[in-house]
Amino acid sequence: MTFASLISELQERDYQVRVYRSGERGDIEVWLAHHSVSVESRPLPAGGPDPFLEIIVGGEVVGTIATEAIDGLLEPPIRRHPEHDKVTSGYQVLFEIFDQTVFSAMNRRELLAVSREIEDRAFRVGNGILRVSFQTLSTFESRTEVYRTLGAETTLDIHIYDVEDWTPPAITGITYHTDEAVSVNSYWVLAFDGGSDVTQACGLVAKEHSDEYTGFWTNDASMAETIVAEFNLP
Amino acid sequence: MWFLTIGYSPSLIAVILLVMSEQKKYLFNVNISQYMGGSEEDSGQRASEAAGETAPRFAQNKFYRALASAHRRRLLYYLLDHEDSTVDELTSVLTGWNATTSGTMQTPADRSKIQLRLKHNHLPRLADADLISYDADGSTVHIEPLHPHVKDLLQQSIEAERLVESG
Numbered sequence: 001m002t003f004a005s006l007i008s009e010l011q012e013r014d015y016q017v018r019v020y021r022s023g024e025r026g027d028i029e030v031w032l033a034h035h036s037v038s039v040e041s042r043p044l045p046a047g048g049p050d051p052f053l054e055i056i057v058g059g060e061v062v063g064t065i066a067t068e069a070i071d072g073l074l075e076p077p078i079r080r081h082p083e084h085d086k087v088t089s090g091y092q093v094l095f096e097i098f099d100q101t102v103f104s105a106m107n108r109r110e111l112l113a114v115s116r117e118i119e120d121r122a123f124r125v126g127n128g129i130l131r132v133s134f135q136t137l138s139t140f141e142s143r144t145e146v147y148r149t150l151g152a153e154t155t156l157d158i159h160i161y162d163v164e165d166w167t168p169p170a171i172t173g174i175t176y177h178t179d180e181a182v183s184v185n186s187y188w189v190l191a192f193d194g195g196s197d198v199t200q201a202c203g204l205v206a207k208e209h210s211d212e213y214t215g216f217w218t219n220d221a222s223m224a225e226t227i228v229a230e231f232n233l234p
Numbered sequence: 001m002w003f004l005t006i007g008y009s010p011s012l013i014a015v016i017l018l019v020m021s022e023q024k025k026y027l028f029n030v031n032i033s034q035y036m037g038g039s040e041e042d043s044g045q046r047a048s049e050a051a052g053e054t055a056p057r058f059a060q061n062k063f064y065r066a067l068a069s070a071h072r073r074r075l076l077y078y079l080l081d082h083e084d085s086t087v088d089e090l091t092s093v094l095t096g097w098n099a100t101t102s103g104t105m106q107t108p109a110d111r112s113k114i115q116l117r118l119k120h121n122h123l124p125r126l127a128d129a130d131l132i133s134y135d136a137d138g139s140t141v142h143i144e145p146l147h148p149h150v151k152d153l154l155q156q157s158i159e160a161e162r163l164v165e166s167g
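Quick mapping for you: the protein sequence lines, in order, are chains A and B.
Following the numbering used here, the numbering of the first sequence begins with 1 at its first residue and continues without gaps.
Following the numbering used here, the numbering of the second sequence begins with 1 at its first residue and continues without gaps.
Honestly, the hints are just simulated from the structure, not real lab data.
The beta carbon of each residue, even a glycine, is placed where N, CA and C say it ideally should be.
The reader is advised that the hints may include incorrect statements.
[Said to hold, decoys possible] What the simulated footprint calls covered on chain A by chain B, stretch by stretch (three residues with Cβ under 8 Å from a Cβ of chain B suffice, anywhere in the stretch; the number is not a length):
#1 54-67
#2 156-166
[Said to hold, decoys possible] Some chain A residues near chain B, calculated using beta-carbon distances under 8 Å:
#3 Trp31
#4 Pro45
#5 Gly48
#6 Asp50
The following block holds chain B by itself, in its conformation from the complex (with noise of 0.2 Å):
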């Protein structure tokens, strides 16, 4: 059996190079197509090339970090039905849908909490990676238009969100 590994080796190391540099391709083409390049340290310089004048996003480590926050999945998610809004009512939705995964009152503390949160950190950070824009003065809170994955993304996350309260 020794002898057949040998003989068989070559070949094999053959195919799996070539898959592996079909994939290679096959990402490639991905990330031209669909992630739209950037411009942030980690994009590649290739891919931001490619990618040419369409918005900057899937690549950007600040598009990741904006979605990393349960609260700003949430506003993104209430943003998508509403598509405008304001500081005030953000600060409401925030603090009700805390309300209503704890069970608890939330007292005048607690919501000013997390409209210092909102104003300080969630709607900075959505906007610094142009999920949002806002007018300094917390009156209007406006979603730019997302790609369907991120749509996709938010929808689900919300799910899933449901699912790890109920079970």
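For reference, chain A alone in the conformation it holds in the complex (with noise of 0.2 Å):
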């Protein structure tokens, strides 16, 4: 199983995504719909619920959620509250709804907003391993003060895996692979398998074509175990 065959098994499925609305189309479907996504509307009654999703993988029906609830995530200027727990539960409605959903069309913004998210669970899990590839050593360096927290303030085992461009401080808990990243070479991919906590398993894959990104995150542990494991092959 490589990086790719994981994207595109995952594209293969039968996945749509259904709006339920009242009035106009929403901010939601209008970036599903530019991030590749099929989606379908249906009419609410006016004065009813407000706007709400589903998402349904081989004709069921897998999860719904309040548009309201993911609106504005992922479109920029993508602003994280300060508070920690406000942030991540938005965040975790994000991982939850579009569970290895595969997306195109997305930028490096929405990438490290997902990637926050992944790095925020590591912090509060405080164990366990991540791996890592922003694809180049030189992008890694503006993660570099994020990093350096990780390794001071948790027992995290953290791998960066990607192409030496750049000569990275040495920080404790965080150990360098520039040998095996061929593999990892065009992908941006973040792994953790929750430590102690297998709930807070995430994982990010996304694969660069001329600037944009085609990918999925998941907040499956055994999917998480599979990104992890492929960091390992030659």
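Put the complex together from the two separate chains, hints included.
Here it is as structure tokens:
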């Protein structure tokens, strides 16, 4: 199983989002359409419930959420609330509802927002294995402070896999891998095994195509494990 | 002052009695013209006779029981707009409605609980009160014509629910 096949297998699923609303097409519907997700809409009576959406995989509804709960989480400017708990609940919802949904045309800002949720979870659990690839070490440069904190304040075993184009500082708890970087070359990947709390396991796999990314994130422990394992392959 | 009170009492009582009897007559008229009679245990025999052949509804306990659930009022409100639906679609609407009021994601387990209650409680109760009809296989759920007062009531109930939420 390669990163490429993980993405393509998920892409082949019978996957659909159904939006229920009474008014105009909302931001999230536009966002989904721009990111190559099949969206259908159904009318609600005026004065009835607020808009909501359903995720349908293989004809089964796997999740239902108020549009309001996820609106704006991935649209620029992406602002994360300074209070951790509030932010996390929002991003947790995003992880739950769009678990293993393949999005195309994602930008770096969106990937960073998702990456931060994964780093946040690893920080909160404080132990376990976190494997990361931002493609090149120079991309990692902007994240150095975050990882310095992760290294200093947790017992996380952190592995950074990147193409060497910059010499990163030595940080306690962080192991750099540049020799094996070939397989992660054009991928932006993070995987956290959940450490002592497997419910916090999560991951992100995205492949770059001319400045845009196609990929998915996951809340699922076994998928996170699959991603973690993939890093070890030559 | 005492004698004055004594003096006025009989006429005062008479007036009260008169008002009461008028009121009763008025109520009874409303019963006949608007409440359309009924045959359930609490509906008066006279009302039922007076109502004649019209569909019994307002005088039936089962009508009020059918409306005594926020979920069933939501179903009727949705059906007022859609007329025909399916069990699957109604499950989606109730599940989504819950998602919007709770702000949390509804899982497949939440959804199947809602569907179970829909099939075994809500739909039978609404059909029993002649507010809807539906196929046993769940392929069609159809709303029956509702009295304007019932429509108003549903509208107000849904509005009130929103006010409670936002308040």
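Hint check:
1. Interface restraint, the region 54-67 of chain A with chain B: holds (8 residues with C-beta to C-beta distance below 8 Å; minimum three).
2. Against chain B, the region 156-166 of chain A contributes 0 residues with a C-beta closer than 8 Å to a partner C-beta. That does not satisfy the three-residue criterion, and the hint is violated.
3. Here the hint on A/Trp31 is broken, as its CB sits about 18 Å from the closest CB of chain B, past 8 Å.
4. The beta carbon of A/Pro45 is positioned within 8 Å of a beta carbon in chain B (closest approach about 4 Å), and the interface hint is therefore held.
5. A cut of 8 Å between beta carbons decides the hint on A/Gly48: the least distance to chain B is about 6 Å, and the hint holds.
6. Interface hint at A/Asp50: satisfied, since its Cβ lies 4 Å from the closest Cβ of chain B, which is below the 8 Å cut-off.
Hint compliance for this structure: hints 2, 3 are not met, and every other hint is.
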